[in-house]
Amino acid sequence: MLVIEIVIVAAVVFAVAALAVGRFDRLAPAPPDGAPTGLPAGMVTAGDVARTRFGMALRGYRMAEVDAVLLRLADELAWRDEELARRDEELVRLAAFARVDTAPSPDGHRDTRSPQIDE
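As numbered in our numbering, residues 1 to 119 make up the sequence shown, in order.
If you're looking for bench data, these hints aren't it; they were derived computationally from the structure. Mixed in with the good hints there might be a few duds.
What the hints assert, rightly or not - Cβ-Cβ distance ranges computed for the label pairs, FRET-style:
1) L91 - G47: 25 to 35 Å
2) F14 - W79: 48 to 58 Å
3) D81 - V9: 58 to 68 Å
4) G42 - V7: 57 to 67 Å
These numbers come from a predicted model, not from an experiment. We treat Cβ as the ideally placed atom computed from N, Cα and C, and that holds for glycine.
Input sequences plus hints: build the corresponding full structure.
So, in structure tokens, the structure goes:
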């Protein structure tokens with residue numbers, strides 16, 4: 001009789017410990033506040049990020065989903081930063097080109113010198 005009680009107590013302790021460390025994470029998922037949504041395939045906007053929802057797990061968000069979104073956002077932001085820097089350089093170049101005096105000279109020729117970029 002004592003052996004059966006010890007086995008039952010051990011089984012209960014094991015079940016509680018397994019739940020505490022997530023061994024039974026395969027239980028029915030908790031109903032989310034809304035359906036999980038990811039980011040669209042194209043360019044990501046601030047609205048896309050605001051609408052992104054992650055599926056809930058027993059102990060919070062699914063880390064793999066969060067990591068994937070954060071990596072994607074980091075890549076998109078890095079690309080945009082590089083593109084903005086490239087466009088800024090292009091604007092400086094075009095502004096310098098526009099500053100070149102293109103009025104005809106006294107001999108009737110236009111100034112075709114390369115633009116000088118002020119830095």
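Comparing the hints with the structure gives:
no., hint, result
1, L91 - G47: 25 to 35 Å, "27 Å, holds"
2, F14 - W79: 48 to 58 Å, "50 Å, holds"
3, D81 - V9: 58 to 68 Å, "60 Å, holds"
4, G42 - V7: 57 to 67 Å, "59 Å, holds"
Of the numbered hints stated above, none is contradicted by the structure.
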